[in-house]
Amino acid sequence: MEILSEVFKGVLYFGHGDNWKALIMYLIGGVLIYLAIKKEYEPALLLPIGFGAILVNLPFNVVGRVTNLFGIETAEVGFLEILREAGISTELFPILIFIAIGAMIDFTPLFKNPFMIFFGAAAQFGIFATFILTLLILPQFGIVGDEALKLSAAVGIIGAADGPTTIYVGNYFNLIKYMGPISVAAYSYMSLVPIIQPPIIRLLTSKKERKIRMDYYEEKVPKAVKILFPILVTLIAGILVPMSAPLVGSLMFGNLIRESGVLERLSQSAQNELANLVTLLLGITIGSTMLADRFIDPVTGLIMLLGLFAFVFDTAGGVLFAKFLNLFLKKKINPMIGAAGISAFPMSARVVQKLAKEEDPTNFILMQAISANVSGQLGSIIAGGLVIALVSMFVF
Amino acid sequence: MYSSISYQLSQSLLYQGFIVVIFGLVGVFLILLLFFVTIIVLQKVIESIDNRKSKRTEKTAD
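Top line first, the protein sequences correspond to chains P and Z.
Quick note on numbering: the first sequence equals residues 6 to 401 in my numbering.
Quick note on numbering: the second sequence equals residues 149 to 210 in my numbering.
The hints are simulated quantities; they were obtained by calculation from the structure and are not laboratory data.
Every residue, glycine too, gets a C-beta built ideally from N, C-alpha and C.
A couple of the hints might just be wrong.
Stated by the list, open to error - Covered stretches of chain Z (chain P as the covering partner; in silico rule of three or more C-beta atoms under 8 Å from a C-beta of chain P): (1) 161 to 169; (2) 172 to 179; (3) 182 to 194.
Isolated chain Z (complex conformation) (with noise of 0.2 Å):
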């Protein structure tokens, strides 16, 4: 009786832990993910915007 409660005690333990490991390693993953678009994005705009205003300060000298 004890042995069985104790078997199904540690049985939902690991069902807990596994739900841990896998919503926790796809998290980091995903959230790693956000950030090297956030990076990829961020150079992507800042350059663009950097280019406009030598354009537009090549044109002022022109």
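Just chain P, same shape as in the assembly (with noise of 0.2 Å):
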């Protein structure tokens, strides 16, 4: 009897307790994993996402944090939780996607472009509006004081639409128990934006307005600009909002390498090895912080719902903003320009050119798009310095 219930003894945990909840984690897992193969949202992502949600949660958790038959841990770690503590407790992993992703933009269109970083900076509204409105709803949950704050925050951020700055915000918190469900929302949103943005585009702008035509110069930038920026950018926010140094550094360093010229193959590196290799480890890293007994939970839901209410607030920011400065324009823009003041880089241009097309087919908006975006992309890591900063200041 106690040989079969040490070959079974994977089997029977899940008699034990709570366990059995992560039979819900394996359909949960597997859901992300259709989502990334069959709808190809964000696949890079929610693949190891929902893989790694499946292996933390088989019995024992012997890739995490191992546990006993009843679910109390030992003192024994997997390669999951090394991993974790390597690359999202030390805050290694986030910093290293946005070498890679400074590396991959071109700031061009918003040096030809420069009034488009307004955009940049509308479209973090919704950071600001969820935060409140979490704040709010918080305690009804039972979570108040320093949790509520720094909870809000990170609910805030997932907002900004961009994944990195989400984990990284979380994990400066120490939020690890709402870490699955923070990362979980804001890359399935990010994935999600040419479902969500459309409609309420479509909401607040009237069909005369979204034919409206921008022009945009072909003039060419100086070198020496695109080498420079980089650095004022990183000098200005690193003693402005000290907090954002690591994010802006880390991201205009890469596109330092990008743009020197003399860097190709490190350049090369940091958008094609670099971005591979650590997308495929944050991924199944952040599916790793998916345990079942914290992942279901009520405020799980309330977070993946307030995650796309801050994904409505910016886009709704942005396309107000612009609807605003219509007012005193002679010039009018395109107010669908605001919705792509968000960091998904460049999915949200791409839909607002999308509709642009669908409107008026000779219409060609997106270059004054992908400047919006790559400003939201600037605009969501100061957003992040900021909230960090402010936060901070109340819970430390």
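Dock chain to chain to rebuild the complex, using the hints, since each chain is given by itself in its own frame.
Written out as structure tokens, the structure is:
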């Protein structure tokens, strides 16, 4: 009998306490993998996250913090826990991802339309609206005080449409318990930008507004501007918001490698090998935070819902800001551009161009949308740094 | 008594929240405004340096 129970201890595991919840996590992991493969929603992330969620909920969690039959953690740790400690707790993975993103971003469209940078600020409205909304709701779930402030900050940042920033903020506030839902919300909504944004844009704009054409001038941007910009941005952000220095610094380091023109091999490595490798490890490590007893909780549903609000408010904030500017501008801006001020690059810009084309097949506003989109990247990391700095004033 | 304390706590939490929201939003706009100014100034300075250089080259050629 003892031999049998030893052989089948993995099966018997599910009969103890709340261990059956792991079965639900297999289903959730399966859904994420399905969305990644069948719907192609951010597959590079959702697939590893889904698989990580399955792995970490296997009996005794031998890949994470190893537990006994009763779910009590032992001193042993598995490879995913080691990865989490090394890559997420130290914030190394988000930083490496930012170097890769920096190497991928071309700021040229922004240099040609510098005014678009303000949409990168306006579209961060959702972060702050969701922050205050979360702060109002969390006490109903028994979360108060410092924890409420920290969690509200992390949930708000989901609206940045910027996975690495969300992970960075969540980890900074040591929200290990909520890292799973926060990261899944951030990445899944990022992949759902083509579904989330169009109805909000249509709701807030008229057909006439969506048809507005915008001029684009083909001017050459001097190489010196492209090289000096990442250095100056790092200095400005690092001096004014020191908490944003790791994010801005790594993004701009990647961009400087790209624009320097003398580190082509490093630039290519950052854009390809580094991005792929870290994405692979980041995804599966995030998945490993989705432990059943933490994930299956009403707060998870709340985080997912509020994360969606953050995306909606961000889009609305950008569009409404453009409409507000149009009250004073002689040359009107297509208000859809405002929606591209979120950080989801280049999906958001593509969505805006697609909507413009639907109204008028000859209307081309992609470059302006991309300008706003790269500004969103800057805006989101600045917002992340500011949120960390401001919330830290009250919680530490 | 308890509800009064929890009310006060949530009020202070909200107060802190509003500070984060106001300073956060204003901060994002201000810093991106600085980036905007940086781009404009940078382009103007580089352009004027380039113009000076090309004028000097023209003079030397003459």
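Here is how each hint holds up against the structure:
{"no.": "1", "hint": "161 to 169", "result": "holds (count 8)"}
{"no.": "2", "hint": "172 to 179", "result": "holds (count 6)"}
{"no.": "3", "hint": "182 to 194", "result": "holds (count 9)"}
When held up to the earlier numbered hints, the structure conflicts with none and fits them all.
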